[in-house]
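*Asks:* One-letter residues, chain by chain:
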Amino acid sequence: MSFSWAKPYEPKHPVMRWLDDRLPLPRIVYHATGPGYPVPRNLNLWWNFGVLAGIFLTIQIITGIVLAMHFYATADGAFNSVNQLIMRDVNAGWLLRYAHMNGASFFFIVVYIHIFRGLFYGSYKAPRELVWMLGLVIYLLMMATAFMGYVLPWGQMSYWGAQVITGFFSAFPLVGEPIRVWLLGGYAPDQAALTRFFSLHYLLPFVIAAVVILHIWALHIPGSGNPTGVDVKEEKDTLPFHPFYTAKDGWFAAAFLTLYAIVTFYAPDYLGHADNYIPANALSTPAHIVPEWYFWPFYAILRSFTADFILPAKLWGVLAMFTSILLLFFLPWLDKSPVRSGSYRPVFKRFFWLLVADVIVLGYVGGAEINPFNIALGQIAAAYYFLHFLVILPIVSAFETPDPLPNSISESVLHGEASEAAPAGQGKPRRGSVATAG
Amino acid sequence: MIRVISFVVGVVFAGVLLIAMIGNLSTYFTSPPAPLPAEEFHKEPKNLALASDGPFGSFKHNQAQLQRGFQVYSEVCSACHSLKLASFRELKGLGYNEAEIKKIASDWKTEVPSINSDTGEPATRKALPSDTFPAPFPNETAARAANNNALPPDLTLITKAREGGAAYVYSLLTGYQNQPAELLHEFPDAKTPPGLHYNPYFANLNIAMPPPLTSDGQVTYADGTKPTVDQMAQDVAAFLVWAGEPNLGNRHAAGLAVVVFLLFASVLAYLAYRQIWHEAKRVVRVTGPLDPENQAKTARAKAKAKIAG
Amino acid sequence: MATKSAEVSDQTGEGGIRRRDFLNIAPVAFAGVGTIAALAPLIVQMSPSADVLALATIEVDISKVQPGQGIKVSWRKQPVFVRNLTPKEIAAANAVPLDSLRDPQSLAQRTKPGKMNWLITLGVCTHLGCVPLGITEGENRGPYGGYFCPCHGSAYDTAARIRQGPAPLNLQVPDYEFKSPTIVEIGAAKK
Chain R
1 MSFSWAKPYE PKHPVMRWLD DRLPLPRIVY HATGPGYPVP RNLNLWWNFG
51 VLAGIFLTIQ IITGIVLAMH FYATADGAFN SVNQLIMRDV NAGWLLRYAH
101 MNGASFFFIV VYIHIFRGLF YGSYKAPREL VWMLGLVIYL LMMATAFMGY
151 VLPWGQMSYW GAQVITGFFS AFPLVGEPIR VWLLGGYAPD QAALTRFFSL
201 HYLLPFVIAA VVILHIWALH IPGSGNPTGV DVKEEKDTLP FHPFYTAKDG
251 WFAAAFLTLY AIVTFYAPDY LGHADNYIPA NALSTPAHIV PEWYFWPFYA
301 ILRSFTADFI LPAKLWGVLA MFTSILLLFF LPWLDKSPVR SGSYRPVFKR
351 FFWLLVADVI VLGYVGGAEI NPFNIALGQI AAAYYFLHFL VILPIVSAFE
401 TPDPLPNSIS ESVLHGEASE AAPAGQGKPR RGSVATAG
Chain E
1 MIRVISFVVG VVFAGVLLIA MIGNLSTYFT SPPAPLPAEE FHKEPKNLAL
51 ASDGPFGSFK HNQAQLQRGF QVYSEVCSAC HSLKLASFRE LKGLGYNEAE
101 IKKIASDWKT EVPSINSDTG EPATRKALPS DTFPAPFPNE TAARAANNNA
151 LPPDLTLITK AREGGAAYVY SLLTGYQNQP AELLHEFPDA KTPPGLHYNP
201 YFANLNIAMP PPLTSDGQVT YADGTKPTVD QMAQDVAAFL VWAGEPNLGN
251 RHAAGLAVVV FLLFASVLAY LAYRQIWHEA KRVVRVTGPL DPENQAKTAR
301 AKAKAKIAG
Chain V
1 MATKSAEVSD QTGEGGIRRR DFLNIAPVAF AGVGTIAALA PLIVQMSPSA
51 DVLALATIEV DISKVQPGQG IKVSWRKQPV FVRNLTPKEI AAANAVPLDS
101 LRDPQSLAQR TKPGKMNWLI TLGVCTHLGC VPLGITEGEN RGPYGGYFCP
151 CHGSAYDTAA RIRQGPAPLN LQVPDYEFKS PTIVEIGAAK K
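Protein chains in written order, with the working numbering: chain R, 1 to 438; chain E, 1 to 309; chain V, 1 to 191.
Hints in this document: simulated from the structure, not taken from any laboratory.
Among the hints, erroneous ones may be present.
To be verified - In silico lysine to aspartate or glutamate, DMTMM-like type, Cα no more than 20 angstroms apart, as pairs:
no., chain 1, residue 1, chain 2, residue 2
1, E, K102, V, D51
2, E, K126, V, E137
3, E, K126, V, E139
4, E, K126, V, E59
5, E, K102, V, E177
6, V, K179, E, D107
7, E, K103, V, E177
To be verified - Here are a few chain R residues that sit away from chain E, every Cβ distance over 12 angstroms (derived from the structure):
no., residue
8, Q84
9, V181
10, A218
11, A368
Backbone N, C-alpha and C define an ideal beta-carbon position, used for all residues, glycine too.
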């Protein structure tokens, strides 16, 4: 699509030629994921997570569709249809349920790594701003889908999680409560909420798939980024996607799926919460309501706002929680450094790792019990989160002196990136200078 | 422009958080939250080793214990606790044959609700293997009425629904004791209310269930094992692990096959990857895509310039 | 991968080419086998689940069914016709030569020994599955005095055997057992 030296699609087989003349799908696949898509040759393992996210989306859709063949979307029948019918009576039902449950967690693990790769390597910068924003749209859709999916088994956490999350909307003055009641179709989560969540939970993954196609399409216009952040200049900077990156994505996917299989088969309830094996009870709140682990950082931010200040604390919490995700849309304009990759931005790099630590702390606080120490920890971590994106990054990107960039990708690959710090011949190679394959 | 707004938003949020934190910490230091008895006196579950533990665990390894546990459930626990998600036919996993299961079902002391086929009035019938275990009480109100307003939970998924699983159930059943003197000394208001029972393994220390296993010999085991309270508690905990997930053995066996297969596939895929990439980063491509004519041309050019591969 | 490139950049000779091909084909083969294996649970989950398979057995009280009468009961979500044949109906059934039947079966083969008057069959036409008429008082019993399917005109005789019309087989006799002279258990496993 983007580079002049991309191998052209020349079907040899008569059936393929017939098809290509009428509908250029094989051609599109060839140029998107085949030998016709030139990709920078220096991609490291952090670039494997996009395809892996696509694999988990596929796993979730397939297991979800077959689970929906047995699920009863009724307040009386949902819990039993999952925990009795599917887990005990449906052939291989236990496998499908555990695969779907843990598939959601692994989908988020992969997507979080994918997002942090983007944050470190400046993948959100021009000309890929729209790729970044479409990715955020996918992330928002994933969160909505996961939230609704978790409500379906109608356990205690399903019910009370629905109660809490729809309760956010009541924080908004005037319109909040009507919106909440409209969302639920009632005054509390009940049959109406369950059926509509089931309908939307089935729908949204296909919307996600459509946005994924746009996300990849937008990426393929400028082509993939790379760890140096230096643009592709000539053919020797690239390799065709097939067979090089199909092979690389293939082995990593097999290894990652092994990890997924170990969790699904040997610790399937580890990432979940025991209380969701208790049927929902509208009259009895569990001791600690927590959402699933992938929401914990946002839950921590929400709960950190414990003081009224002009606005009520609850409203601050909800505003901050929404802002924490929405601010990411503005990142290409907050971080204006012309250098993309964190590898060449020593100050930025340190703050990046601080952010990683900060998000981990927020995640811990979101799932931990509520006591003054944890709340204070969460408050500090939440403050850092906002300061990082909204204050620190703009300042750092305006005043930082980056390290010198390599002249090109292929030179950085062949001679080691450090030796390209200066014009050819004057740099000193790093220890073990020749960059090792993959 | 964006950066100005973002600066303001960032400072505002950080500021509000600072105010919140100051409030939080000052409350903590001026009026620290009162310690709760549960924080100090709650105990973590005791260790319990079962044949179903671990990645190679299976119910087949100790069916005798599961049968004993089922006996404890049917003779002691089923008076108050239902097992609604389990069906009699699933008892095959405990080693019972069809005839035994049929008898267990039809002998079950609670019958299944049905209707009188002539008058249409509510009636009951004996259970069949295809039925689920009939509940001791027809509904929640009846259950509470019979148990001092406490609701005995269904036990089918109890080991999955409690932190600590089988170890928690075992510890709870063997953990009833008198309220320790230190607790009353430190928290004079925390005497166990009447109708509740002190049990340090229970989250808030006082549980509505009276000790169900009170003496050795409460159940006479068919296989002759000595029925101490400890033994009965262990056996019923093991049975409840089975009840929560009868397919555990399948899961472990399938898991072994899948993980071994994927490990093998990963290794093979990695080797293929290394092979494909072997020359990609080392050889300088002069021009052209990776097709044989250009590769040969490259090879000749390299040989001529005496560049190593 | 073309042979020429193998010669150029890998070790030359037969061993080099074969190893290269194996290393490329093997993981793809594994992926293929893995995908097919992954399909197994997806296909098998649609088969009837254990609760459906657990043969629901029903007990039917036949004490009130007089000769010449029949009742319709539901078993495994399907209708079952329980009929008490009159001596005339039994004689009519036994008078039919077996080789004139599309699905040759004698009345004795379709009933329990000593209980030839009790005809218990599924009420599902063997053509395309409609519920035939004739079990309830006043319904059309067709030209052979047994059952008659209004959908496409299949006519069954007093032993519920197909005599006319498109149905290929006699009405199916399910597994059943007399628990007592007045209680029949349908769906009892014969093991």
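*Asks:* Next pair to validate is E:K103 with V:E177; report whether the Cα-Cα distance is within 20 angstroms.
*Replies:* Satisfied, since the Cα-Cα distance of roughly 18 angstroms is no more than 20 angstroms.
*Asks:* Please confirm whether R:A218 is truly not at the interface, meaning its C-beta sits more than 12 angstroms away from all C-beta atoms of chain E.
*Replies:* Fine: 21 angstroms to the nearest Cβ keeps R:A218 off the interface.
*Asks:* For the pair supplied as a hint, E:K126 and V:E59, is the alpha-carbon distance within the 20 angstroms limit?
*Replies:* With a Cα-Cα distance of about 12 angstroms, the restraint between E:K126 and V:E59 holds, given a limit of 20 angstroms.
*Asks:* Could you let me know if the closest chain E CB is still more than 12 angstroms away from the CB of R:A368?
*Replies:* holds, 14 angstroms
*Asks:* Keeping to a limit of 20 angstroms between CA atoms, is the pair of E:K102 and V:D51 held or broken?
*Replies:* holds, 16 angstroms
*Asks:* Next pair to validate is E:K102 with V:E177; report whether the Cα-Cα distance is within 20 angstroms.
*Replies:* Judged against 20 angstroms, a Cα distance of about 16 angstroms means the pair holds.
*Asks:* R:V181 clear of chain E by more than 12 angstroms, beta carbon to beta carbon?
*Replies:* Label holds. Min Cβ-Cβ 27 angstroms, cutoff 12 angstroms.
*Asks:* Quickly compare the C-alpha distance for E:K126 and V:E137 to 20 angstroms and report which way the hint goes.
*Replies:* This hinted pair is violated, its Cα atoms lying about 33 angstroms apart.
*Asks:* Far enough from chain E: is every CB of that chain over 12 angstroms from the CB of R:Q84?
*Replies:* Not fine: 4 angstroms to the nearest Cβ puts R:Q84 too close to chain E.
*Asks:* When you check the alpha-carbon spacing of V:K179 and E:D107, does it fall within 20 angstroms?
*Replies:* The given pair, whose Cα atoms are some 18 angstroms apart, holds under the 20 angstroms limit.
*Asks:* Is the hinted pair E:K126 and V:E139 satisfied, with a Cα-Cα distance of at most 20 angstroms?
*Replies:* violated, 36 angstroms
In summary, the structure is inconsistent with hints 2, 3, 8 from the numbered list given earlier, while agreeing with the others.
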